[in-house]
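Chains as they are written, first to last, in this note's numbering: chain A, 3 to 456; chain B, 3 to 456.
Keep in mind that the hints are not guaranteed to be accurate.
All copies of an identical chain are treated as equivalent in the list; a pair is satisfied when it fits inside any one copy or across any two copies.
Cut-off 25 Å, straight-line C-alpha distance, at most; resulting in silico cross-link-like pairs (SDA-like, lysine to any residue) [said to hold, decoys possible]:
#1 K168 / E58
#2 K63 / G389
#3 K140 / Q341
#4 K32 / R13
#5 K285 / T455
#6 K170 / W45
#7 K32 / T373
Please keep in mind that the hints were generated in silico from the structure rather than gathered at the bench.
Number of protein chains: 2
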Amino acid sequence: MNLTDYIESHRNEHLAELKQFLKIPSVSTKAENKADVERAAQWVANKLRGSFSHVEVIPTKMHPLVYAESLHDASKPTVLFYGHYDVQPPEPLELWTSPAFEPTERNGNLYCRGSVDDKGQVHIHLAAFEALHKTLGKLPINVKVLIEGEEEVGSESLYEFVKGNKPKLKADALVVSDTGMLGPGVPSVTYGLRGLNYYQMEISGPAQDLHSGVFGGAVPNPLTVLCELFAKMHDKNFHVTVPGFYDDVAALSKAERKALNSLPWKAKDFKKTVGAPELCGEKGFSIVEQVWCRPTFELNGLWGGYMGEGAKTVIPAKAWAKFSTRLVPDQDPDRIAKQVEKYIRNLLPNTVECTMFETLSKGKPWVAPFTHPYFKAAQRALEHGFGKKAVFIREGGSIPFVTDMHDTFKVPCILMGFGLPDENAHAPDEHISLENYFGGIKAVANFYQDLGTV
Amino acid sequence: MNLTDYIESHRNEHLAELKQFLKIPSVSTKAENKADVERAAQWVANKLRGSFSHVEVIPTKMHPLVYAESLHDASKPTVLFYGHYDVQPPEPLELWTSPAFEPTERNGNLYCRGSVDDKGQVHIHLAAFEALHKTLGKLPINVKVLIEGEEEVGSESLYEFVKGNKPKLKADALVVSDTGMLGPGVPSVTYGLRGLNYYQMEISGPAQDLHSGVFGGAVPNPLTVLCELFAKMHDKNFHVTVPGFYDDVAALSKAERKALNSLPWKAKDFKKTVGAPELCGEKGFSIVEQVWCRPTFELNGLWGGYMGEGAKTVIPAKAWAKFSTRLVPDQDPDRIAKQVEKYIRNLLPNTVECTMFETLSKGKPWVAPFTHPYFKAAQRALEHGFGKKAVFIREGGSIPFVTDMHDTFKVPCILMGFGLPDENAHAPDEHISLENYFGGIKAVANFYQDLGTV
Chain A
3 MNLTDYIESH RNEHLAELKQ FLKIPSVSTK AENKADVERA AQWVANKLRG SFSHVEVIPT
63 KMHPLVYAES LHDASKPTVL FYGHYDVQPP EPLELWTSPA FEPTERNGNL YCRGSVDDKG
123 QVHIHLAAFE ALHKTLGKLP INVKVLIEGE EEVGSESLYE FVKGNKPKLK ADALVVSDTG
183 MLGPGVPSVT YGLRGLNYYQ MEISGPAQDL HSGVFGGAVP NPLTVLCELF AKMHDKNFHV
243 TVPGFYDDVA ALSKAERKAL NSLPWKAKDF KKTVGAPELC GEKGFSIVEQ VWCRPTFELN
303 GLWGGYMGEG AKTVIPAKAW AKFSTRLVPD QDPDRIAKQV EKYIRNLLPN TVECTMFETL
363 SKGKPWVAPF THPYFKAAQR ALEHGFGKKA VFIREGGSIP FVTDMHDTFK VPCILMGFGL
423 PDENAHAPDE HISLENYFGG IKAVANFYQD LGTV
Chain B
3 MNLTDYIESH RNEHLAELKQ FLKIPSVSTK AENKADVERA AQWVANKLRG SFSHVEVIPT
63 KMHPLVYAES LHDASKPTVL FYGHYDVQPP EPLELWTSPA FEPTERNGNL YCRGSVDDKG
123 QVHIHLAAFE ALHKTLGKLP INVKVLIEGE EEVGSESLYE FVKGNKPKLK ADALVVSDTG
183 MLGPGVPSVT YGLRGLNYYQ MEISGPAQDL HSGVFGGAVP NPLTVLCELF AKMHDKNFHV
243 TVPGFYDDVA ALSKAERKAL NSLPWKAKDF KKTVGAPELC GEKGFSIVEQ VWCRPTFELN
303 GLWGGYMGEG AKTVIPAKAW AKFSTRLVPD QDPDRIAKQV EKYIRNLLPN TVECTMFETL
363 SKGKPWVAPF THPYFKAAQR ALEHGFGKKA VFIREGGSIP FVTDMHDTFK VPCILMGFGL
423 PDENAHAPDE HISLENYFGG IKAVANFYQD LGTV
């Protein structure tokens, strides 16, 4: 059976297997899911054992890494495929149409936490490896696989491992599917990502919650203080006000701006996906530039006081916030983290104390020229899988590992993503288009096969 | 046995009975506690049956009212005693030293939700009625009692009842113990209260939670919008910026300001109770004026986005706030509610929709001259109970029923409160001083006895 026939005739098996994988609630940020995360790692390892001679589940301080390799022909190139088997928390649960960890097909999509970010996309590669191995008897090139379980929480164990295992991970290219397509029917190769710093803080005013009648009018309210603080983070043009924040931002070339703004993409569709009454972004930049090429300051969570039913007349003792900065070349995550913390501490009034400020994770941005022949191979493979010409795009999300591998090995990083912007990665009703899932398997298998002949 | 001896010799019985009462988690705002609230009403009714010939538990749309009367001597005055048997929610539970609904004695205090607000203070009167009835064979004056179960949620059923039962409630004076003493060892009669409007709102931006990488930089963030909104509610002098907010605020007389600022009260003690690094209040007014005589705008709860462990890179679809305005004479709650809603709706940018704005409750402020002989009787009774001269104070909290009764019957409202400012009404570790509880029983019993001879 040839490769295409194998893939076509195994659609049901692949989909059933993906559903098994998705059912495991591998939420890396929650202590209560630690055993599930471990189970997901074992599931990946077992699957890899079908196509790889060497497979390890590597324990770490937090969640295990899965590593596999098939190095059987020194005359062929070696690629490192990277992905993650951990997922975002499913909350708020009540907004899911079908339960977050019950894979459900609806309208040509598969709904489940992790379906598009990133277990579904990892499985595209696992299915492609299987198809290549079954039809060729071996993989067409040398392949290393590294699947981590901490992508959604900062990848600390991954970096620790990478630091001590550089020779083991060396390859001629890095391959990742954790990004998206520009739109339905537009297969895409991503050549730029934003970096991400994530912060959390707690401020304390009164020693304990106070009665707003007895004390109101003479005491600081930590919620009001947080509001006044975060109201200062953007100016009227939606520039971030952190001093020095834009100092290292590399200007976009005219050619790149022109290319990005000419992509087959409609603001109307973006606006529809977002669903807000109006959009809101940095003045002087197009939407594509705002989300792919400009840094941001974003509140991800903020809370304090009474959040229950009815009324409680309380002045809260404390208030909390979680927030993040997306970074673009050539911003330095360490420098930005220092600037943000300093600015925020300086802005706080002396009526409250900053009782906690933590930078939970830091990650560098990445952008690379797409001139290497592997990029062309990726474009051809995508055209094969989808029957449409692939475009080159940047993306607003963050995969710090890509930057890290690029900086370490100076090799091309091929980001072939199969998600769509409205597929709710990180939100309720996350899903993947079944057409893109099956097209992805075809494209990826062809890509690996093609590299064997480049 | 005379009255004083009876009270002294029944300290243990009274305290044991109060603990029974406090154990019932009569949280009026929570649907899950509906049966407990009903149980608390029955408990009060049963206790009243010992001293009153007529006792009713009156069903309402929400929580029952308890009414009792003993009208046995037309030559004596009639007082209406009002209190409430419902309590605030106990959350956050983890901040209680002993469980919120297990009455616990520590350092001369009794800790429990409701101990000071208001079940403990209601029980002071129930114990006083019992002592008077047991030692005199009957109450020394005519007494009506009305104890409600919705004080912490806006008293809607109470007002409904009052509207239809004015003759039933008519009395020569209203007596309430739901306020505080100026400080330890300073028994106090309160002659002014602030009013309270309570609001909640929801704003919606994106149609659902969005990935802050894929979308961040081009979409409105409801949390940021709420921050920007509430940062505008105060100017740099901490004046509330709602247009017209101060239009109807009656100026304080020089004499009253002088009297209030001469009370035996220390800013140092207030600051210690609050425990914040610095205080914060409206410029041009003393702390006493800020919390008793000036209106406020206060955030009571605000939330949105991810509030769990670790990181989630989300732009939330919605954000929520609960907030309140404390009102002073002659502000009109209806007018203020309209001004606040209009101002907030006008301030919201067109990037979000205000998907909910509710005024949960409205309550008028109250202030009255303390010239009636009953005020002098209260002062004498407090001196009897505490061995110290009582002072006349205002208070920052709200008891809308007082205003209502005052407006309806034009009779003196005698507010003898036995709470202390640091007893955490509405907060974890709520407690009442046992000295004030026992002193209160003595004072209140003497007050009712004295009114029989005025």
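Hints, verified against the model:
1. K168 / E58: within (16 Å within a copy, 81 Å between copies)
2. K63 / G389: neither (44 Å within a copy, 65 Å between copies)
3. K140 / Q341: Result: close neither inside a copy nor across copies, 51 Å intra and 74 Å inter.
4. K32 / R13: neither (33 Å within a copy, 51 Å between copies)
5. K285 / T455: neither (47 Å within a copy, 78 Å between copies)
6. K170 / W45: Within one copy only: 23 Å inside a chain, 74 Å across chains, cut-off 25 Å.
7. K32 / T373: Neither way: K32 and T373 sit 41 Å apart in one copy and 63 Å across, limit 25 Å.
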